[in-house]
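Engineer: Listed below are the residues making up each chain.
2 protein chains.
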Amino acid sequence: MKHALSVTREQDFAAWYQAVVSEADMAEESGVRGCMVIRPWGYGVWERMQALLDKAIKETGHENCYFPLFIPLSYFAKEAEHVEGFAKEMAVVTHHRLKAENGTLVPDPEAKLEEPLVVRPTSETVIGTAFSRWTQSWRDLPLLINQWANVVRWEMRTRMFLRTTEFLWQEGHTAHATRGEAVEETLKMLEVYRRFAVDALALPVIAGEKPENERFPGADATYSIEAMMQDGKALQAGTSHFLGQNFAHAQNIRFQDRDGELAYAWTTSWGVSTRMIGGVIMTHGDDDGLRLPPVVAPQQVVIIPMLRDTEEDDAVLAHCRALAAELRQQSAFGEALRVQVDAKDIKASNKRWAWVKKGPPLIVEVGPRDIANGAVSVVRRDRLYGDNGKLASAATPRGDFVAGAAALLEEIQAGLLAEATARRDANIHDGITTVEQLTAFYEKGGKFPGWVSVGWSRPTGAALEKVVETLKGLRLSIRNAPTGAAPAEGNCLFTGEPAVERVLIGRAY
Amino acid sequence: MKHALSVTREQDFAAWYQAVVSEADMAEESGVRGCMVIRPWGYGVWERMQALLDKAIKETGHENCYFPLFIPLSYFAKEAEHVEGFAKEMAVVTHHRLKAENGTLVPDPEAKLEEPLVVRPTSETVIGTAFSRWTQSWRDLPLLINQWANVVRWEMRTRMFLRTTEFLWQEGHTAHATRGEAVEETLKMLEVYRRFAVDALALPVIAGEKPENERFPGADATYSIEAMMQDGKALQAGTSHFLGQNFAHAQNIRFQDRDGELAYAWTTSWGVSTRMIGGVIMTHGDDDGLRLPPVVAPQQVVIIPMLRDTEEDDAVLAHCRALAAELRQQSAFGEALRVQVDAKDIKASNKRWAWVKKGPPLIVEVGPRDIANGAVSVVRRDRLYGDNGKLASAATPRGDFVAGAAALLEEIQAGLLAEATARRDANIHDGITTVEQLTAFYEKGGKFPGWVSVGWSRPTGAALEKVVETLKGLRLSIRNAPTGAAPAEGNCLFTGEPAVERVLIGRAY
Chain A
5 MKHALSVTRE
15 QDFAAWYQAV
25 VSEADMAEES
35 GVRGCMVIRP
45 WGYGVWERMQ
55 ALLDKAIKET
65 GHENCYFPLF
75 IPLSYFAKEA
85 EHVEGFAKEM
95 AVVTHHRLKA
105 ENGTLVPDPE
115 AKLEEPLVVR
125 PTSETVIGTA
135 FSRWTQSWRD
145 LPLLINQWAN
155 VVRWEMRTRM
165 FLRTTEFLWQ
175 EGHTAHATRG
185 EAVEETLKML
195 EVYRRFAVDA
205 LALPVIAGEK
215 PENERFPGAD
225 ATYSIEAMMQ
235 DGKALQAGTS
245 HFLGQNFAHA
255 QNIRFQDRDG
265 ELAYAWTTSW
275 GVSTRMIGGV
285 IMTHGDDDGL
295 RLPPVVAPQQ
305 VVIIPMLRDT
315 EEDDAVLAHC
325 RALAAELRQQ
335 SAFGEALRVQ
345 VDAKDIKASN
355 KRWAWVKKGP
365 PLIVEVGPRD
375 IANGAVSVVR
385 RDRLYGDNGK
395 LASAATPRGD
405 FVAGAAALLE
415 EIQAGLLAEA
425 TARRDANIHD
435 GITTVEQLTA
445 FYEKGGKFPG
455 WVSVGWSRPT
465 GAALEKVVET
475 LKGLRLSIRN
485 APTGAAPAEG
495 NCLFTGEPAV
505 ERVLIGRAY
Chain B
5 MKHALSVTRE
15 QDFAAWYQAV
25 VSEADMAEES
35 GVRGCMVIRP
45 WGYGVWERMQ
55 ALLDKAIKET
65 GHENCYFPLF
75 IPLSYFAKEA
85 EHVEGFAKEM
95 AVVTHHRLKA
105 ENGTLVPDPE
115 AKLEEPLVVR
125 PTSETVIGTA
135 FSRWTQSWRD
145 LPLLINQWAN
155 VVRWEMRTRM
165 FLRTTEFLWQ
175 EGHTAHATRG
185 EAVEETLKML
195 EVYRRFAVDA
205 LALPVIAGEK
215 PENERFPGAD
225 ATYSIEAMMQ
235 DGKALQAGTS
245 HFLGQNFAHA
255 QNIRFQDRDG
265 ELAYAWTTSW
275 GVSTRMIGGV
285 IMTHGDDDGL
295 RLPPVVAPQQ
305 VVIIPMLRDT
315 EEDDAVLAHC
325 RALAAELRQQ
335 SAFGEALRVQ
345 VDAKDIKASN
355 KRWAWVKKGP
365 PLIVEVGPRD
375 IANGAVSVVR
385 RDRLYGDNGK
395 LASAATPRGD
405 FVAGAAALLE
415 EIQAGLLAEA
425 TARRDANIHD
435 GITTVEQLTA
445 FYEKGGKFPG
455 WVSVGWSRPT
465 GAALEKVVET
475 LKGLRLSIRN
485 APTGAAPAEG
495 NCLFTGEPAV
505 ERVLIGRAY
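If you're matching them up, the sequences are chains A and B in order. Using our numbering, you'd call the opening residue of the first sequence number 5 and step up by one each time. Using our numbering, you'd call the opening residue of the second sequence number 5 and step up by one each time.
Don't read these hints as lab results, they were simulated from the structure. For clarity, every value in this text was computed on a predicted model and none was experimentally measured. Check each hint, because a few of them may be wrong.
To be verified - With a straight-line Cα cutoff of 20 Å, these simulated SDA-like cross-link-like pairs (lysine to any residue) come out:
| # | chain 1 | residue 1 | chain 2 | residue 2 |
| --- | --- | --- | --- | --- |
| 1 | B | K92 | A | K62 |
| 2 | A | K62 | A | E188 |
| 3 | A | K351 | A | P372 |
| 4 | B | K82 | A | R101 |
Stated by the list, open to error - Not close to chain B: a few residues of chain A, all C-beta gaps over 10 Å, as computed:
| # | residue |
| --- | --- |
| 5 | Q22 |
| 6 | E51 |
| 7 | A336 |
| 8 | F452 |
Beta carbons are placed, not taken as given, at the ideal position from N, Cα and C, and that holds for glycine.
Same shape as in the complex, but just chain A (with noise of 0.2 Å):
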């Protein structure tokens, strides 16, 4: 079988990664290292997940807020643990202006900055300083914040939506009265992003909370979504900080309790970013390209008209746009149908083949033949070859076809999140009890060997660096200890202590 993509994903995975990012029009690199130009078409999935999670966001009782990009250095250097974390990969602003000199511009050294602004790589810092400012009594608590907004983190080796040196995401941040209020915050939105990212996205991610070395810089937990890409690699896809005192502490978040004395706040911080962009590509595309859950398809059906420069192109073209409008009149998920009617000078066959990679859920031709016939031909971005192995493309009676369009794009949302779910499923393997059995599976496993599950004792310390360094070896890192799993038997592979809980340990993105 021929495919609409150069690679496939059995030959070179992260060819076809990037030759789907750049077939389906999602995303290009800027000439701006490291920073990449993104797509109406991925733009348009990314205002789908902004949509809804904003939707998810407010529904929980938080507002959205914007602060400065710039935090100036003194900013950072409260929080000890957090700069160490973040002070390798920060981009650094240090004058306000330029000169023309020979021919050419360069800062100009009459308007260097007093103090040099960082671009922030995440906002806490900034956030916590204005929470000082909000919080004087236990009658402003909870804080309930929430910031759409750009970051940049200066990325050695980038890839598209995976790994950018600028990147979107949503910011959550949070401060309250109690420690109890503030772990449960941190859970909550945790499991508000595990729905979202099954709901919506058909990503069957797996929560759980990161081993203590994985931890965000000044965190006292890390809570995670990890996803399983087609190649067996995890993608950690969201991330829920419980961060306890300590930022509290370094920008002074006190109020004055129930009962009259003053106490430091409790603080989360949470995110997601167009990183789960990447997430998608990689757990529902194709050979011939993007699959795109109907959930989150900027366009949901694509009308094709079989346009052949004659007299009747001009009935054809009216033909597909009020079906478009009957269309837009159905819903799914609780919303109208995103319908287009691709009316582009260009070759009806080509035209589907670029949508075909596009990856929206239902491509829908219709010529003369079709109309007098009262029939569309339809094509399953989700069953695309019959047993013939040809296109699959169904002629439907066109009022079945329009009255059955919101049942066949839930039928279609489901069906990848089951077919992503049985994957996972069948690429998490137990069973592996020595560091010797790991490094076989790992060293066997073929080529898309997938996670394991294992007892785990919660080392420390320099027992924690040692099995830190064993799986760097291994090019492998603890994904978490999964919520809600089965309790653990039997002792940890890497100390041999008794396991009190279990971890996945995979590749990752």
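Fit chain B to the supplied structure of chain A, relying on the hints for placement.
Structural biologist: Same frame as chain A, now just chain B:
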């Protein structure tokens, strides 16, 4: 009459503005030079503006994208006028890492960038570079792109919303095959802005072309919408630029036309920003705080339960929540009503004044007595005081209020626009025909002199420079030449030559 703010517009307009921004919880100083924190109420207005404008931008065929925050110096140097116009006020990133030195953090000299990066002040250069990649044939045109983003211009004197180092905006960028199409696009988006300002923000802006000296750096023509603030000053609330082929030449945006010839594209750009929020405050605010047009108010009805720490409280709260749910079933301006119940543990009368300052159109108070009477007490923010000088709170049967709420909001929206339009019209003065009269007018024109409309011969070169100099001496500027104004009569008061159009002159933010 005692007012909720400590300073009136008449006493000190600038101090009044700062008081509204602060007391209405719209924004605050961030501690980062020239950057503000936009608080939930202020950001809520921006979200409303975004939603409406985004819809209008998409309905006119544009798609959203995202381009890099950072622009290499070399991109910037290509359009000579453009760099001249912006080089004085840009943040420059020179390092990508910090290091600790003498107990403090400094940019790491070993992590100096080979080519410094500018934090985008506007994105013509980086988007133009993408356009040059995307444009091969006339079939690829027009390119109709929009971006919602933060931008940075290093301002020496900043004022919240009106002029901040970092601000939020949308920037549209388009490329066309012909001059005519690009001009049409420029004017179409100007009209989108004008309608949005009038219909959504109740700002009776005047659309027109800026004089040559006020053009965007690199543009062939710049159009603006100008709003009159209550102090008679002008606020440029949005701009639309016809860029000719200047950026196409600089960024090499070329295409093969229908005849197979290689041609340069014609481009446009247009933007509005968070600055508009400052315009809303200075147009509609009064001495008690902000008055928000219902279309963009984050909440249109705020319900205050009159809680008294008694057993009745639960019933009152339940009653308020039921009322809110009922109101949300109503719709105004084609959308469900936005209603909030303020159940915070604060004295009800304090709440009332906090909300008066924040300016939702309707504030409703409900206590046990109201419930017994089947009524609610309604305060209209646009008519806060009765003839007796006291707060006008009207007891209204609950059913009548619910049924009439949408119409009341529409009346308030129309009323704010009518009030602002009448004030604008009363403060545009005709009949000035000499520079002496102009000087005298602004010297003796009272505290808030408004604008004058004068004949203009469109001088260029040295003659224009002389006019600009004269106006500068009077702290005045030409705002624009209103589109569709009556034909000019008589002579230009600056050059003595026959007037070809009328222009508006005023002081400006």
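Engineer: State for each hint whether it applies.
Structural biologist: These are the hints, each one checked on the structure:
This hinted pair does not check out: B:K92 and A:K62 have alpha carbons roughly 40 Å apart, beyond 20 Å. Restraint check for A:K62 and A:E188: the C-alpha separation of about 17 Å stays at or below 20 Å, so the hint holds. The straight-line distance between the Cα atoms of A:K351 and A:P372 is roughly 16 Å, inside the 20 Å bound, and the hint therefore holds. Under the criterion of a C-alpha separation no larger than 20 Å, the hint pairing B:K82 with A:R101 is consistent with the structure, at around 17 Å.
Listed as outside the interface, A:Q22 is consistent with that label: its C-beta sits roughly 16 Å from the nearest C-beta of chain B, beyond the 10 Å cut-off. Distance check on A:E51: its Cβ comes as close as 7 Å (rounded) to a Cβ of chain B, failing to clear the 10 Å threshold; non-interface status is violated. Separation of A:A336 from chain B is adequate, the least Cβ-Cβ distance of about 20 Å exceeding the 10 Å criterion. With a minimum CB-CB distance of about 32 Å to chain B, A:F452 clears the 10 Å threshold, and the non-interface call stands.
Against the hints set out earlier in the document, violations occur for numbers 1 and 6.
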